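Those sequence lines, one after another, are chains A and W.
Residue numbering for the first sequence follows this note's numbering, starting at 1 and increasing by one per position.
Residue numbering for the second sequence follows this note's numbering, starting at 329 and increasing by one per position.
Any given hint could be a false lead.
Unchecked claim - Just the calculated beta-carbon pair ranges, DEER-fashion: (1) K325(A) x E562(W): 55 to 63 Å; (2) Y89(A) x S388(W): 44 to 52 Å; (3) T623(W) x Y221(A): 51 to 59 Å; (4) E499(W) x G81(A): 54 to 62 Å; (5) E400(W) x L64(A): 44 to 52 Å; (6) P476(W) x G81(A): 20 to 28 Å.
In short, the hints are calculated from the structure, not lab data.
Small disclaimer: the values here were computed from a predicted structure and weren't measured.
We put the CB at the ideal spot given by N, CA and C, even for glycine.
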Amino acid sequence: MTTTSSVEQVPGVAHRLARSEGTGRVRRPRSTAGAGMYRPWWMPVLWIAPTVIVIAAFGVFPFLNTIALSFTNATPLGGGGDWVGFANYERLLTDDNFWRATRNSIVYALVAVPLLVVLPLMMAQLVYKYLPGIGFFRTAFYAPVVASMVAVALVWQNLLNERGPINTALDRFGVVDSPVPFLSNPTLLLLSAIALTVWKGLGWYMIFYLAALANVPRELYEAAELDGAGTVRQFIHVTVPGVRLTMLLIAIMSGIGSLRVFTEIYVLGGATGGPGGQVQTLPFYIRDTALDPIAGNAGYGAAVSVALFLLTIGLAVMSHKFGAKEES
Amino acid sequence: MLLAGCGVGGGGNSASADGDSPAMAGRCELSEEVANDQPLSGEPSGTITFQTTALKQSFSPYFESLIAAFEEKYPDVTVEWQDDPGDAEFTQRLVTDAQACDLPDVVNLNQTTAYALYREGFLLNVSTKAPDYGDEFIPSIWDSLVFPGSEDHYVMPWYWGLTGLQTFNTELMSQVGLDPASPPKSVMEQFDMAATVAENSGGDFYAFAANPAQRVPSDWQLMDAEVINEDETEFTFADDPKILEWLEKYAEVYAAGALPRDTLSSDVDVTQLYSAGDVVWGSTNASFLRYVQETNPATYKVTGVAPLLDERGTAFQDGQLIGIPSTSDNPVAALAFAQFLLSPEWQTTFVEDERISNFPSTSESLDIPKFSDFSGGTPLDRANEISVELATDASNTFIYNWSDAVNSAVVSELQLAIAGDKPAAEALQDAEDAANEILANQG
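So that you can see chain W by itself, here it is in the shape it has in the complex (with noise of 0.2 Å):
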């Protein structure tokens, strides 16, 4: 039952008319104070835990002087701070969590985890239990930030990377006899630069690689393309002469030459072929290139950075959310440390950080030396300087049905469409029917 109006989302079931059956999510009973559909009110008090994904090595100084001064704020708040590594098991710690109704009281999602904990009722409503909440937010990403269904926010946006950038090796294009001040401008562009690589680089380089994981669906929003209808119930992506023409190109530049067979399937970090100078064409997250400046400086002085919107004509944005979880035993008190954490005041600590290549999600955090000064020169100036141009437009367009059981159904039909095992029209048709049922049988 959706419950657009109560305080959780997605699946959680609401209190009875009668009061006798209790709000639950998933098997977790819901206080009153979550499920009814009045704002939080009340002085923050107990103990919540706070839990981030891969932060504590590198910025524990600036989380430990955040929770001091919050429970300096607060004095009846303790707030316990952990830190999930951040791997492959993420998401299923996090379930694990839930099924047993332990999830940390504030915590940093990922969209797709916002998206199944929401689906069940694991997300406290924001709009309804602070409704004149949001407006410091950067508005084309807050008002983005809906799941499919609803008009409410469960999450809130913290810092963000962009998809619209493309950064290459200027060496090696030219080498193979591109322009690295004419860059593609389209992805159709970009696969017909990369035949030119394989036809000139003599094998001892390639144009990206090969696994279409990395490229879907962006690709396909890059282009403008229809990979799901609006309300997203059904896929579309094989109707699209436009994903059929890719698909199609996809597989010739691998027929001939253009891309690391190996990484068909493999999941290679793009960014240490990169780094080590095997592909022309690196990750699209500018981010990346503080690794690349790290490993290989060689590489990294070579780098180009250039948009890549295609027909889309904006870049759409990903990034870090903050949750709090229904199952709260302290709702007020976290609501509280989400908004301290993400108030453009510790938002702008956090990104002034040099290490930090994200962007935050509050408009007055964008206004900072970092974020206006692109005078050094570098890959990485670059790339911020496009990016705080792009981030104006930028808009969340998280397909969030594109499960990671629908990814990797879809991936492998297109797999064995670029092996050349199956013809692309059919591999399309089968990717799109599997994700459509995929998507049926979740309910």
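So that you can see chain A by itself, here it is in the shape it has in the complex (with noise of 0.2 Å):
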């Protein structure tokens, strides 16, 4: 059954578009005119086939495997191992460690997602309008992006050591009188790598930001101004909500960030993941259990990796919903 429509009476349309029969949906027909005369059916497949294939290889395939994994006693060498059913996420429920790991893990990204949400687009703001030299400042803000986080990392080491920069200045000032120990106690341990993470983030949210920025339309900061509203209620009721969507993005990659942190704890608290293994995280711990050839439990390995992956999901979740309600 064909049903009339007004595209029908237009010369060259009605015959292009065929209806599904009963359902009365629109089914685009093949064209049969400019560069889709000379297209076969198969050249999408073809564009997208290799973007597919590195997804499917490096993305699905593994993901795949670890939840597989996740219930074998595999190891690192020894190929598949035996099924062991739930056995390894029992463990996780009574092992010390993880728990340990995942706590630090949240506390670095209910710490560090805050700051990096907020100061980039305060240095986005700073560096936002044109003045003459502004390019320099954006450059430097942005360099700790393109630096090797290994590198940085050690520069960070000696900063923060008993005879670094730092303390020697503290001490110079007379602010402390015994050297601050931001590497051997944990909490501080654990500071010192969250400070570091986001010194080294935040250009490259500065960057969203700026781009942000942009798409605020110059006729806000103008009403709000005849309104009276200063430097600050322009900002908080302005840009805050102009930005609000890169907020929620930036939010949602920081935390993945966050809980991904491995560098900055290896670098800065050695092998151990600080004094008693005390700051490690969950890629640290993964590290820690699965990766060592000779004692090491791929299958228990892979169980934190899909905890990981929940609690990544969670805080991303999390995020969205929280950004949800405030744009409502």
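Since each chain sits alone in its own frame, please combine them into the complex, following the hints.
As structure tokens, this is what we get:
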């Protein structure tokens, strides 16, 4: 059955549109004009195939393999291992080291994410307007992003050690009597690593905000100014709502990044993850449990990886819900 | 299944009696030539891959001439040389290669990685495949280079260094009232001297780096303490009163300020600390002296070297190994190349290079002027002189089941005790329990 519609009255259009019988839905026939007539049906498949293959090979397959591994006792060198059911997950529940690493990862994200959402926005505000020489500051703020994390962490290790410039300065100005144990006190070590993550991420997220700020209508600032709003109120009532979606995006991205932290802890805290392993995060714990070629338990490491995945998803959903609530 | 008599070791599976199921290493199927218990035979041919660790940058001419000479001797063989940077991911890369059944045919290994490959059957049994091989090596080294639970050789020794030396800054020792002519003879004596450093240095410098990862299990082995039982199936270190005393003293000198606090867990480079004059004692490995010589000649000049053998009385060696993976497509050519590389002639050429502070594994290569003429009187000469003296009795005491996971678990507990967060006895017991749990789970 064919239904009539206005498009049928347009010459050259009606015959190109076919309707699914009985459903009334419009189905677009294959184009016979322009480039379309030279494009075989498999051409779009060919275009997307490389991306799909790469994602499947390096994303989907490893992910599914990790889930499958988490139900086995596989070792790094010994092949697939045997099916052990939920034994690895049961072990997780009673593993103090796992819970310590989970706690550290959550603390890391809870401290780092707000800082990485707010501070880059402030920096973007500083360098957004064109001023002579502003390019230098934009580059300087972005420079840590392109530096190697290992190199940067080593610099921070030197800055924070007992005889480093920070402790020397604190001592000179009489702020402290004895060196601050940035690298040997677990709490300070965790905070130092968070500070390093935040410092290195500022420039990266600043770029996002610069793009978002360009899309906030100038008229809103002019209207706010006419209404007597000062710089702070303009920031709170115009800028922040204008970049809210970017803030949400950054919260999710930095949250995922914070849960994956490894290098900062490794370089500042050493191979044990701080004294007594007290600053280990989940990726650190995965390395410890899964990758050792002699004693590694790939199955258990995979179970920890799945737990990290669920935590990451949980954080992303929470951020999204929070953002949606704000939006409404 | 342990396969002492077959061509592969550790957990590799041999072919079944009816020959239906192939021999495996991990997920890799092994050739009959490798899996059977017959010596390798036939003329070397084909292409083989040879992997060194962090040697290409400095020693390319040596390896190029070595390969050229080998290919001239065996015209049917082509050697493709590759060099791994030898960074923290070295073992992980080899594990990935093993998982992909794509290990190099001849590979430079450390002891930990070699043991990991052996356990899953990835190494060729040299004793089976070349039964008469090994006479050229220094006997104490060759004889002790067997993995736990096996009497066969699965790896061959290459160049090596010693633990049993101490290097110290004589000037700093004098400053705190210690006599550089009487360096400590035991680990506990060194701790006592560390306490003196804390008392008299005024915080300007320290005794040594605090991280126990750099001292265990070698300190315990020097003290002749019992770290693990003989067949490496159970750690026993918590039961040894010497180790408890060691840990209590360690915590004491840490609390006294003898060790830089921020090095308790961080992997700070001891060589850098020593070179900068921040610590009295440097690395126990003589090869680091060359770095000190290059970076801080003033510190190098006042460096003293002496043996530190404690109750054990003999040094132990740890070195670089050569292994032939059981997955090799050309085991005959691979074995021929390994033997060529490790021959006295080519090892002598290698260690004659002044930049090398390590020792060769063949007895004949020790008889070169570099290892007998120490008239220069420099710290490096002194280190070489002591090393050569100690080399005769040195053996391989490597604890193969002291894996990275065990090390991390033990060191974590020691750090807590050293920082004063846990009583020493409790930390030691927890460390031993954690290590034994890892051992039990690894199968």
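Next item on the list: Please test the hint of 51 to 59 Å on the beta carbon pair from T623(W) and Y221(A).
Entry: 57 Å, holds
Check: Regarding Y89(A) and S388(W), is the given constraint of 44 to 52 Å on their beta-carbon distance met?
Finding: Holds, at about 51 Å.
Next item on the list: For the range 20 to 28 Å, tell me whether the beta carbons of P476(W) and G81(A) fit it or not.
Entry: For G81(A) against P476(W), whose Cβ atoms are near 22 Å apart, the range 20 to 28 Å holds.
Check: Can the suggested window of 54 to 62 Å be confirmed for the beta-carbon pair E499(W) and G81(A)?
Finding: 57 Å, holds
Notebook entry, point to check: K325(A) and E562(W), beta-carbon distance inside 55 to 63 Å?
Noted result: 57 Å, holds
Notebook entry, point to check: Is 44 to 52 Å right for how far apart the beta carbons of E400(W) and L64(A) are?
Noted result: For L64(A) against E400(W), whose Cβ atoms are near 51 Å apart, the range 44 to 52 Å holds.
Violation of the numbered hints given earlier is absent; every hint is satisfied by the structure.
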